[in-house]
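From first to last, the protein sequence lines stand for chains A and B.
Mapped onto our numbering, the consecutive letters of the first sequence carry residue numbers -17 to 372.
Mapped onto our numbering, the consecutive letters of the second sequence carry residue numbers -17 to 372.
Just to be clear, a hint being listed does not mean it is correct.
The list makes no distinction among identical chains, and a pair is therefore deemed to hold if it is satisfied within one copy or across any two copies.
Computed list of lysine-lysine pairs in DSS-like fashion (alpha-carbon distance at most 25 Å, straight line) [stated by the list, open to error]:
#1 K30 to K13
#2 K14 to K276
#3 K6 to K108
#4 K153 to K6
#5 K153 to K30
#6 K13 to K106
#7 K142 to K30
#8 K30 to K106
#9 K13 to K276
#10 K14 to K153
#11 K153 to K350
#12 K108 to K350
#13 K108 to K276
#14 K350 to K106
#15 K142 to K350
#16 K14 to K142
#17 K350 to K6
#18 K13 to K142
#19 K13 to K108
#20 K276 to K106
Simulated from the structure, these hints should not be mistaken for lab results.
So the chains spell out like this:
Number of protein chains: 2
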Amino acid sequence: MLDFTYSNITKIVFGRGAEEHAGKEAAAWGKKVLLHYGGGHIVRTGLKDRVTASLQEAGLEIVELGGVQPNPRLSLVRQGIALAREERVDLILAVGGGSVIDSAKSIAIGVPYEGDVWDFYAGKAKARETLPVGVVLTIPAAGSESSTSAVVTNEDGWRKVGYGSVLMRPKFALMNPELTYTLPAYQTACGVADMFAHILERYFTREDHVGLGDHLCEGAMRSIIQEAPQAIAEPENYGARANIMWAGTVAHNGLLGVGRSEDWASHAIEHELSAMYDLAHGAGLAIVFPAWMKYVYRQDPERFVQFAVRVFGVEQNFHHPEQTILEGIRRLEDFFRRIGLPTTLSDANIPADRLEDMAEMATAGDTKRLGSFLPLGQSDVLGIYRLCQG
Amino acid sequence: MLDFTYSNITKIVFGRGAEEHAGKEAAAWGKKVLLHYGGGHIVRTGLKDRVTASLQEAGLEIVELGGVQPNPRLSLVRQGIALAREERVDLILAVGGGSVIDSAKSIAIGVPYEGDVWDFYAGKAKARETLPVGVVLTIPAAGSESSTSAVVTNEDGWRKVGYGSVLMRPKFALMNPELTYTLPAYQTACGVADMFAHILERYFTREDHVGLGDHLCEGAMRSIIQEAPQAIAEPENYGARANIMWAGTVAHNGLLGVGRSEDWASHAIEHELSAMYDLAHGAGLAIVFPAWMKYVYRQDPERFVQFAVRVFGVEQNFHHPEQTILEGIRRLEDFFRRIGLPTTLSDANIPADRLEDMAEMATAGDTKRLGSFLPLGQSDVLGIYRLCQG
């Protein structure tokens, strides 16, 4: 087990009506709040009105900034920073999913910084201060509600880059599973693949003697496998929605990764795919992760046998471990397909004519190695994209 | 799943040499520290010197208060409060196991309170302020290093009472698995039973649709079952010690219990046993918990089948669930015995002539009900003590 430092200050308020706590929780951090959100969904569902009423009841002043798009844009972040400074807001309340939260986190670290916020993402500066961020979560997926990181897209070159700092954990996250009843099945499934992938990135470690973390990862995955089909078949099944929503947080609050090297190659490989084609991140992960597994399992076959047996209950073939391993990967593909996701490029109607380009970009012309389980160069990444063809 | 609020601010610094961070972490909370500890163990091992040097290097002034005994005493807590006020200390650093940490937490809430600290434990007051508490952990067991509670013993009547508040979470916990190499096998085993029981108290819930929590609890238990015999057989096996140490924290940092009703009857039943006889808390739990399980399983046989199958890998008898259930309980007893713990009163040389008295005291003369899985009165508790006879 590796040495580690872990802290997670995010206060979770979970359950029916959690969004009604917005006023009380926000009031602990200031008097003027920037209400940050995406499109009309939270207006149509009445969520925005309920949150606004809660904030007003607590005596808070509200400044609004909507319009966050999936893959949140740097231009809106800059606009938010200017607005927050001009209005002297004390905190930012993100109402939405991962994109809205990431946008809010980026505004929050940008406000007290004298330079341009992109400096953090370009590796030119480290955040030393932040405005507090609160969250009303509407989509269980990215885990951004209690994570240390954010991803923004710079329209200049359409570069999608992440930045992380413990400062970026939201101060509070209000999580009402009922708010996810209206999520379409496909979006629910994409969120499920995203959280599942967050666990897989931590599970496939080269670190030795990490049994507790393994067991916790396996438990979280088994729970997701059990609950996701139910959440999709019965969108208003509170228990299934609640377990999935909480799983999204547990998957990415950092606890499952302590003491382990993590991988994250599949995320990088997927990013090229969703940047190139109009594909949801979760759907891309459902395609890339099984292919990555097929490419790398020889690096540590025992861990892949353990995955098959413990996560999917595969009957172990003790004489032919490869059979067990491949059956485990097949079951993962089955799971993704069962919840309505593509697991190959052709499932997603993506042609195979740009694989070389994507492999080159993912590795910056073979100058970067991706992941730590098996560090991957350009030809490896190309091999994985080819396996994505099915 | 029940609605819940969860936050855990404790910063964990885990790994080799973690205690060397004492100065840096303490300095974030003030200039003058009360170094609180038990007996000579931390002196003999050189730990006290290393921590002192780290504090001094960070420019901190040190006031010392040793002498914490197992089942920490109210008199020493009061002495600590007087000392901390007189010396105007800014924070308390507990170096030791659960008793030292609980004593430190009690001093910390007592200092800013104008009344007597026992008021909190007697249910007459709620803590509204606290001095910050830091921890250098030496015994993985109680989980107090990141929990919200403390237990103290009032010598006036030898009442052992707990109190809890989110204010009581330590601000930081420094956890070096190497510090546990010198723990005797029996003490290691008692710690293991304690952390295992912390998970069981959360696992046996009446709440429905708590699959994620179930799986996380099961994973943590399976990991402890796997690592504990190794930690005892090879006291300097870093990986086994590290997994056990981290399991003690995970078991009791609150995360495994969110959204569930918890039980805690077995803890109350055990408290009478260790108060009446000179028995370690963990050893008492190894006796009481299997007996409690035998007494209550008919309340929710399916959950006990799940425990047997998922935690101990019992081959399920689909036609006779009781066989599966009893085999699960038998395996738990086997596990406790394998690590050197008693599982019956006679194993621990405890006579059976005070069972009625203990049942009366545990339930305050049948005026109190214990637990929530199956609320227990005096005759139930007596029935459980009888099952403890083996």
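The hints, checked one at a time:
Proximity of K30 and K13 under a CA criterion of 25 Å is satisfied intra-copy only: 19 Å inside one chain copy versus 46 Å between copies. In this assembly of identical chains, the alpha carbons of K14 and K276 never lie at most 25 Å apart, being 51 Å within a copy and 57 Å across copies at closest. Proximity of K6 and K108 under a CA criterion of 25 Å is satisfied inter-copy only: 21 Å between copies versus 31 Å inside one chain copy. For the homomeric pair K153 and K6, the shortest alpha-carbon distances inside one copy (13 Å) and between copies (24 Å) are both at most 25 Å.
Taking the closest pair of Cα atoms, K153 and K30 come within 25 Å of each other only inside a single copy of the chain (20 Å); across copies the shortest separation is 35 Å, beyond that limit. In the homo-oligomer, the alpha carbons of K13 and K106 never lie at most 25 Å apart, since the shortest distance is 32 Å inside one protomer and 34 Å across protomers. For a Cα distance limit of 25 Å, the shortest separation of K142 from K30 qualifies neither inside one copy, at 28 Å, nor across copies, at 49 Å. In this assembly of identical chains, the alpha carbons of K30 and K106 never lie at most 25 Å apart, being 36 Å within a copy and 42 Å across copies at closest.
Taking the shortest Cα distances, K13 and K276 never come within 25 Å of each other, neither inside one copy (53 Å) nor across copies (55 Å). In the homo-oligomer, the alpha carbons of K14 and K153 lie at most 25 Å apart inside one protomer (16 Å), although the nearest pairing across protomers, at 29 Å, exceeds that limit. Taking identical chains as interchangeable, the C-alpha atoms of K153 and K350 are never at most 25 Å apart, the minima being 34 Å within one chain and 39 Å between chains. For a Cα distance limit of 25 Å, the shortest separation of K108 from K350 inside one copy, 22 Å, qualifies, whereas the shortest one across copies, 56 Å, does not.
With identical chains, the CA atoms of K108 and K276 are never at most 25 Å apart, being 37 Å at best within one copy and 57 Å at best between copies. Taking the shortest Cα distances, K350 and K106 sit within 25 Å of each other inside one copy (18 Å), while across copies they are farther apart (62 Å). Only within a single protomer do K142 and K350 lie at most 25 Å apart by alpha-carbon distance; the minimum there is 16 Å, versus 60 Å between protomers. When the C-alpha separation of K14 and K142 is checked against a cutoff of 25 Å, the pair qualifies neither within a copy, at 30 Å, nor between copies, at 47 Å.
In this homomeric assembly, K350 and K6 never come within 25 Å of each other (Cα to Cα): the closest approach is 46 Å inside a single copy and 35 Å across copies. Taking the shortest alpha-carbon separations for K13 and K142, neither the intra-copy value of 33 Å nor the inter-copy value of 44 Å comes in at or below 25 Å. In this assembly of identical chains, K13 and K108 lie within 25 Å of each other by CA distance neither inside one copy nor across copies; the values are 27 Å within and 28 Å between. When the C-alpha separation of K276 and K106 is checked against a cutoff of 25 Å, the pair qualifies neither within a copy, at 36 Å, nor between copies, at 62 Å.
The structure fails to meet hints 2, 6, 7, 8, 9, 11, 13, 16, 17, 18, 19 and 20 from the earlier list, while all remaining hints are met.
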